[in-house]
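Could you put together the complete structure from these sequences and hints?
Under the numbering used here, the first residue of the sequence shown is numbered 1, with each subsequent residue one higher.
Note that these hints are calculated values from the structure, not bench results. Given the structure is predicted, the values throughout are model-derived calculations rather than measurements.
Here are the simulated DSBU-like pairs of lysine-lysine, each with C-alpha atoms no more than 30 angstroms apart in a straight line: (1) K57 <-> K154; (2) K125 <-> K113; (3) K139 <-> K113; (4) K85 <-> K154; (5) K154 <-> K94; (6) K154 <-> K79; (7) K85 <-> K125; (8) K79 <-> K125; (9) K113 <-> K61; (10) K61 <-> K139; (11) K113 <-> K57; (12) K125 <-> K154; (13) K79 <-> K94; (14) K154 <-> K113; (15) K125 <-> K57; (16) K61 <-> K125; (17) K57 <-> K139.
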Amino acid sequence: MIRMLSVLLGLALTVGGQTYQLDSARSSASFTARHMMVTNVTGRLSNVTGTIVYDPKDLAKSSVTATIDATTINTNEDKRDRHLKGPDFLDIAKFPTMSFISTRVYLDAGLTKVDGNLTIHGVTKPVTLTLSRISPEVKVEAGQVLRGATATTKISRQAFALRYNKLIETGGVVVGDEILITLELESVRQPG
Numbered sequence: 001m002i003r004m005l006s007v008l009l010g011l012a013l014t015v016g017g018q019t020y021q022l023d024s025a026r027s028s029a030s031f032t033a034r035h036m037m038v039t040n041v042t043g044r045l046s047n048v049t050g051t052i053v054y055d056p057k058d059l060a061k062s063s064v065t066a067t068i069d070a071t072t073i074n075t076n077e078d079k080r081d082r083h084l085k086g087p088d089f090l091d092i093a094k095f096p097t098m099s100f101i102s103t104r105v106y107l108d109a110g111l112t113k114v115d116g117n118l119t120i121h122g123v124t125k126p127v128t129l130t131l132s133r134i135s136p137e138v139k140v141e142a143g144q145v146l147r148g149a150t151a152t153t154k155i156s157r158q159a160f161a162l163r164y165n166k167l168i169e170t171g172g173v174v175v176g177d178e179i180l181i182t183l184e185l186e187s188v189r190q191p192g
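See below:
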């Protein structure tokens, strides 16, 4: 999971033949998991870095590389965050980052999709990101040109060797297997 976040942080998007660097101060990754079979718990990771090369005229020339800092995990509960950072889950002492490296960018039913390899907790698996939003470029007062995107995917945490769980008295488990990941990305166009 750490490796996956590392890849996601290094995400790169090139739009219109342009290369963009992710703004780590304004980009984030969040996740949602089922808790106790009754509710969803959401957490957030920051310090997402990466590069996007995006060519809307020829998506095959587009690419993304990203890295996410797993040590920044925050679910608004210190005890749970310490557990998630420990050996039962992310084991940030061994795997401090997650990463994503694209292998293909394409249109599918009108949506931009990005296939790639996600690495979390030292395990790499293929995933597909679905972009629900790619903003137009916006020029800001400082002269920078910005572009944003929102991407989602679902993974099995057990597929990434995040197998910790406990049975609950009424049946079911403490933590669900399916994890929804959402990336909110802001990037800065690079010269050239």
